[in-house]
Amino acid sequence: MDYTFHWRPVFRQLPDLLEAALVTMEVAVLAMLVGIVLGMLLAIIRMSGRRSITWIATTWIELARNTPALLQLFFFGFGLGAFGLHLSPFLIVLAALSFNNAGYLAETFRGGFTAVPPTQKKAALSLGMTLPQTYLRIIIPQVLRVVYHPMTNQMVWSVLMSSLAMLVGYRELSGETQFLASKTYRIFEFFLVTAVIYYVMVKLILGGSRLLSWKLFRY
Amino acid sequence: MEQVSVFTAFQASDLWFLTEAAGRTLLISVLAISIGTLFGCVFGWLLSVGRGLADATLGVFLDVFRSVPLIIQLILFYNFFPIIGFNLDPFASGTVVLVLYTSALVAAVARGGIDSVPEVTRRAARSLGMTYWQDLRHIVWPIGLRAVLPSWTGVALGVLKDSALVSVLGYVELLRASQILMTRTQEPFVVLIIVGMFYFALSFPISRLSARLEKRWQYD
Amino acid sequence: MIEIKGVKKSFGDLEVLRDITLTVDKGEVISVIGASGSGKSTMLYCINGLESINAGSILVDGEDVHAPGTDLNKLRRKIGMVFQQWNSFPHLTTLENVALAPRIVLGKPKEEARELARKQLAHVGLGDKLDVYPSRMSGGQQQRLAIARALAMSPGYMLFDEVTSALDPELVGEVLDTLRLLSEEGMTMIVVTHEIGFARDVSDRVAFFCEGVIEELGSPDEVIENPRSEQTQKFLANVRT
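Chains as they are written, first to last, in this note's numbering: chain A, 1 to 219; chain B, 1001 to 1220; chain C, 2001 to 2241.
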């Protein structure tokens, strides 16, 4: 083994990497929020049973789940160019991640709603609650518990997936790492440190989610 | 004629180029899924048997593959092999990483499958005079398999899609081929749609097969 | 007073209720017995508007449940209902389960609603379980919780839909005791049940349902001890063995 490791350049750039990690978190969280809203909408459309609109939701969900995330990224990056639509790297990443998140979360939400027994609705109505009250106080809190764990996983996935951004020239953690690595030729060292940062981020999300769940779900 | 011209840059030979690339995607995925499943089952069994000790060692190790982006893993290993004196080509190092990645995912699934078999069922098997291995082969395997088949299918489909990332190492599978074609034809939209359909065509049989098995097992 | 007049109800081709007429007076306890699928539970759902009807009418205190202009949410406040599957809200503690509806439906202040809930829970013997989540309680306790929850709305009527059917045998007694207590307090109740002994001891009248019609209606002495209809005799013979 005649390779000598050089860690100095990496540690000198550590602040840059950590800053880029924040960018990763930002875009992942943003994509998650957009994904939650759109995913909820898709789930409602799909459950509505109206043929005229369910096909849109179904197509979206199937495409998001059955094609590689990278292909989706390329689609927003290059495919839209065919229509003269050129997004900034940030928007490409945000759109692709949101598209993917929404597709997966839609199925999660649908599962969550079917997991709450229909008798819960009957019981709430029989107490004189209105339909909005029934959903807000009785159904949705229970759905939230069912989808909480899958949603946490999707958040982790959102962070991991955002690494693809380096392929469309966005400088989040991976993009920044690639940039710095190619400047210094310490590819292995840089990516190893980045791997550690990703690992820590994922653990923080999972840990935070667990703490929050203790507070939220005491039953 | 204006509208037709959108498709002219894309030729029949390009379709063949993509088909070949799809073959490579299939090859690397099948390798990763089959070998990864094999390792994953062994790891899952170790985790289930080893409990705390296995969790603290093997469990932590496997967890790394699930907590670091696959693309980072690929770049890391591709650059690591030369350091320890192996010069692996993109296909070989891509396969190694995908196998490790798959086995980490399957291990979690397999462990869940083994743990899903009730202790009383296993005691019943042993009380009939079955050996440990007979119990594992004739009781735990069939019951656990049914319990986790959907999860395993999810992993397999995920690996098929994630194999697209091997393209960053330069291995010309489906996604890399699409990049090459996009550059040449300047028809990104058409190329991406066709490649999307290829992925769909590859994953569809797997999900159908799994759904059919699930249905058949439900009724007997 | 609940007046059910000529009610018909079908699910698709299946006619579940065929011309049901029944009047329940204030303070009366009516037990409804009959085989599964005879339409007993469906009738309860129709009374508080959880199911629509195809013909006839149901009046509660003179108000037509199924008239288009009826405010069902308001009407349901005076009709408490307890279901076969204990429908406690799993994400709320026992106290919150009971206090929620008085607070958001009746608009009572939080403390008043909680005080009311404490009282009702003590009433059904759950005074020591206020901060427990339903998943930690037995089926019988959850069913009593459901009763307390309905009672907290101070309903004029209580509907019980096979409330002991899903319970382990040893838990049936505690729930029936609670029902007995309510009847002694003068609550107007319609009790769909398979507990023939309970129907005989507690009810003022017993209705025997058979294939969507009331086959026999009268005092427990008449319907259970000396049934005239052959269908009733057959059903009772089956249940008793």
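Hints were generated in silico from the structure; no laboratory data involved.
Misleading hints may appear alongside valid ones.
[Stated by the list, open to error] Derived Cβ-Cβ restraints for the label pairs, each shown as a range:
#	chain 1	residue 1	chain 2	residue 2	range
1	C	R2240	B	V1049	28 to 38 Å
2	A	D16	B	F1204	26 to 36 Å
3	A	V29	C	S2154	17 to 27 Å
4	B	R1123	A	D16	52 to 62 Å
5	C	Q2233	B	R1208	31 to 41 Å
[What the hints assert, rightly or not] Straight-line alpha carbon distances no greater than 27 Å define the calculated DSSO-like cross-link-like pairs of lysine-lysine that follow:
#	chain 1	residue 1	chain 2	residue 2
6	A	K215	C	K2129
7	C	K2108	C	K2078
8	A	K121	C	K2078
9	A	K121	C	K2008
10	C	K2110	C	K2026
11	C	K2110	C	K2129
12	C	K2008	A	K122
13	A	K121	C	K2110
14	C	K2078	C	K2119
15	C	K2129	A	K121
16	C	K2005	C	K2026
17	C	K2005	C	K2074
18	C	K2074	C	K2108
19	A	K203	C	K2074
20	C	K2129	C	K2026
21	A	K122	C	K2119
22	C	K2234	A	K122
23	A	K121	C	K2119
24	C	K2119	C	K2074
25	A	K121	C	K2234
26	A	K215	A	K203
27	C	K2119	C	K2008
28	C	K2108	A	K203
29	C	K2110	C	K2074
30	C	K2108	C	K2008
31	C	K2110	C	K2078
32	A	K203	A	K121
33	C	K2119	A	K203
34	A	K215	C	K2005
35	A	K122	C	K2110
36	C	K2129	C	K2119
37	C	K2129	A	K122
38	A	K122	C	K2108
A virtual CB, placed ideally from N, CA and C, is assigned to each residue, including glycine.
Now for the hints, and whether the structure bears them out:
no.	hint	result
1	C/R2240 / B/V1049: 28 to 38 Å	violated, 54 Å
2	A/D16 / B/F1204: 26 to 36 Å	violated, 44 Å
3	A/V29 / C/S2154: 17 to 27 Å	violated, 47 Å
4	B/R1123 / A/D16: 52 to 62 Å	holds, 58 Å
5	C/Q2233 / B/R1208: 31 to 41 Å	violated, 56 Å
6	A/K215 / C/K2129	holds, 21 Å
7	C/K2108 / C/K2078	holds, 16 Å
8	A/K121 / C/K2078	holds, 18 Å
9	A/K121 / C/K2008	holds, 24 Å
10	C/K2110 / C/K2026	violated, 31 Å
11	C/K2110 / C/K2129	holds, 19 Å
12	C/K2008 / A/K122	holds, 21 Å
13	A/K121 / C/K2110	holds, 23 Å
14	C/K2078 / C/K2119	holds, 19 Å
15	C/K2129 / A/K121	holds, 24 Å
16	C/K2005 / C/K2026	holds, 17 Å
17	C/K2005 / C/K2074	holds, 22 Å
18	C/K2074 / C/K2108	holds, 15 Å
19	A/K203 / C/K2074	violated, 50 Å
20	C/K2129 / C/K2026	violated, 32 Å
21	A/K122 / C/K2119	holds, 25 Å
22	C/K2234 / A/K122	violated, 34 Å
23	A/K121 / C/K2119	holds, 25 Å
24	C/K2119 / C/K2074	holds, 23 Å
25	A/K121 / C/K2234	violated, 37 Å
26	A/K215 / A/K203	holds, 19 Å
27	C/K2119 / C/K2008	violated, 40 Å
28	C/K2108 / A/K203	violated, 45 Å
29	C/K2110 / C/K2074	holds, 20 Å
30	C/K2108 / C/K2008	violated, 38 Å
31	C/K2110 / C/K2078	holds, 21 Å
32	A/K203 / A/K121	violated, 37 Å
33	C/K2119 / A/K203	violated, 46 Å
34	A/K215 / C/K2005	violated, 51 Å
35	A/K122 / C/K2110	holds, 24 Å
36	C/K2129 / C/K2119	holds, 12 Å
37	C/K2129 / A/K122	holds, 25 Å
38	A/K122 / C/K2108	holds, 22 Å
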